[in-house]
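Q: Sequence:
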Amino acid sequence: MCVQVANDLGLFDLVAARPCSAHEMARTTGADEKLIARVMRMMVAIGFAGRGEDGKFSATPVTKQMTLPSGLDILQSTPQYLKTNSYRLPQTMTNTPFQFARQTELDNHKYYAQVRPETMETFQIFMDGLYGGPARAPWWTWYPIKEVLAVDSDVAFVDVAGGNGHQTAGLHRAFPSVKGRLVVQDLPEVIDGIKELDPRIERMSYDFLTPQPETVKGARIFFLSNILHDHPDSVCRTILGNVRAAMIPGHSKLLISDMIVPEVDPPLRQLDSDLTMFFLSGGAERSMAEWKELLDSAELKVVKFWYPPGDQNGIVEVEVA
50 MCVQVANDLG LFDLVAARPC SAHEMARTTG ADEKLIARVM RMMVAIGFAG RGEDGKFSAT
110 PVTKQMTLPS GLDILQSTPQ YLKTNSYRLP QTMTNTPFQF ARQTELDNHK YYAQVRPETM
170 ETFQIFMDGL YGGPARAPWW TWYPIKEVLA VDSDVAFVDV AGGNGHQTAG LHRAFPSVKG
230 RLVVQDLPEV IDGIKELDPR IERMSYDFLT PQPETVKGAR IFFLSNILHD HPDSVCRTIL
290 GNVRAAMIPG HSKLLISDMI VPEVDPPLRQ LDSDLTMFFL SGGAERSMAE WKELLDSAEL
350 KVVKFWYPPG DQNGIVEVEV A
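Per this note's numbering, the very first residue in the sequence shown carries number 50; after that it's consecutive.
Careful: at least some of the hints might be erroneous.
[Said to hold, decoys possible] Taking lysine-lysine and the BS3-like style, the derived pairs with C-alpha atoms no more than 25 Å apart in a straight line are: (1) K195 - K266; (2) K353 - K302; (3) K302 - K195; (4) K341 - K302; (5) K341 - K353; (6) K350 - K266; (7) K302 - K266; (8) K228 - K195; (9) K350 - K302; (10) K105 - K83; (11) K195 - K353; (12) K266 - K228; (13) K159 - K244; (14) K266 - K353; (15) K195 - K350; (16) K228 - K302.
Note that these hints are calculated values from the structure, not bench results.
Please build the complete structure, drawing on both the sequences and the hints.
A: Take a look at the structure:
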């Protein structure tokens, strides 16, 4: 709700232009200053804006993404989509509220890559800011990655659909002496668009709906960050099956960086993200029980659920069953 109000008032555009106080934004928009202050406090809390010591609200990498045309049409059309589809959850990425609203047969990733290619760079900036920014404790600060990577392996870390490589780059900065290859995989148009990446990190064009290349089979760690929540279970099983086929039992691990939604009193941010995934791609944020069910169906087993500080992504540590 607060995101929509901020968007309707043009607050993201104001903050993207220069740091603004609530008073300045109220004067520009005509809205109540106290209302703006309350809305913007929420934006800061979820990483959609920053705030300086002078009290002014400032832009984060996420703010720029929010200045793009909104997906309000998708939200508004969802009730009719559900009614038309007999209130059944989508089983593919091409029959979701997104396709219903935009009148397209493309999934949302291909739609933006082909129809709105100008958004792809800002999407990667959004991901860098939302999941790689300083406001969140990096997963390698609370998961024992150093010990796991101490095991010798020709391929140490494969970041599947890793975008600009922000996760692998952060890991490399934290542990520059890690032995073994570090690989970032993504679709060719994403890999070709990477502007800055340490030469120690390999770039590899790859579609996770196809078998993993022989050159990374037997890697110590395969990493899926904010991938599975984009997809319904049927697609997740294909992705997981391709990873499993490349894993060596007793050696390889799959680390899934995604939300682990509590069964009781889940945080609002996680609930909001769950519905957003549904609107865009038929995906979901999953609970512990839902993760176990999905992974069991892919012949994988959960070793441990690792919980982060706050309500950010957890780590699901997985091995071959």
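Q: Against each hint, give a clear statement of whether it holds in the structure.
A: Hint check results:
Proximity of K195 to K266 is assessed by CA-CA distance (about 21 Å); at most 25 Å being required, the pair is judged to hold. The straight-line distance between the Cα atoms of K353 and K302 is roughly 11 Å, inside the 25 Å bound, and the hint therefore holds. Of the pairs offered as hints, the one joining K302 and K195 holds, with about 14 Å between alpha carbons and a cut-off of 25 Å not exceeded. As the CA atoms of K341 and K302 are separated by approximately 16 Å, the hinted pair is consistent with the 25 Å bound.
Proposed proximity of K341 and K353 is supported: the alpha carbons are some 10 Å apart, at most 25 Å. Between K350 and K266, the direct Cα distance comes to roughly 19 Å. Compliance with the 25 Å bound is thereby established for this hinted pair. As the CA atoms of K302 and K266 are separated by approximately 12 Å, the hinted pair is consistent with the 25 Å bound. For a cut-off of 25 Å, the pair hint linking K228 to K195 stands: about 11 Å separates their Cα positions.
Proposed proximity of K350 and K302 is supported: the alpha carbons are some 10 Å apart, at most 25 Å. Distance hint between K105 and K83 is fulfilled; the C-alpha atoms sit about 14 Å from each other, no more than 25 Å. As the CA atoms of K195 and K353 are separated by approximately 17 Å, the hinted pair is consistent with the 25 Å bound. Proximity of K266 to K228 is assessed by CA-CA distance (about 16 Å); at most 25 Å being required, the pair is judged to hold.
Between K159 and K244 the alpha-carbon distance is near 21 Å, which keeps this suggested pair within the 25 Å criterion. A distance of roughly 23 Å separates the Cα atoms of K266 and K353; the hinted pair therefore holds under the 25 Å criterion. Between K195 and K350, the direct Cα distance comes to roughly 22 Å. Compliance with the 25 Å bound is thereby established for this hinted pair. Restraint check for K228 and K302: satisfied, since their Cα atoms lie roughly 16 Å apart, inside the 25 Å limit.
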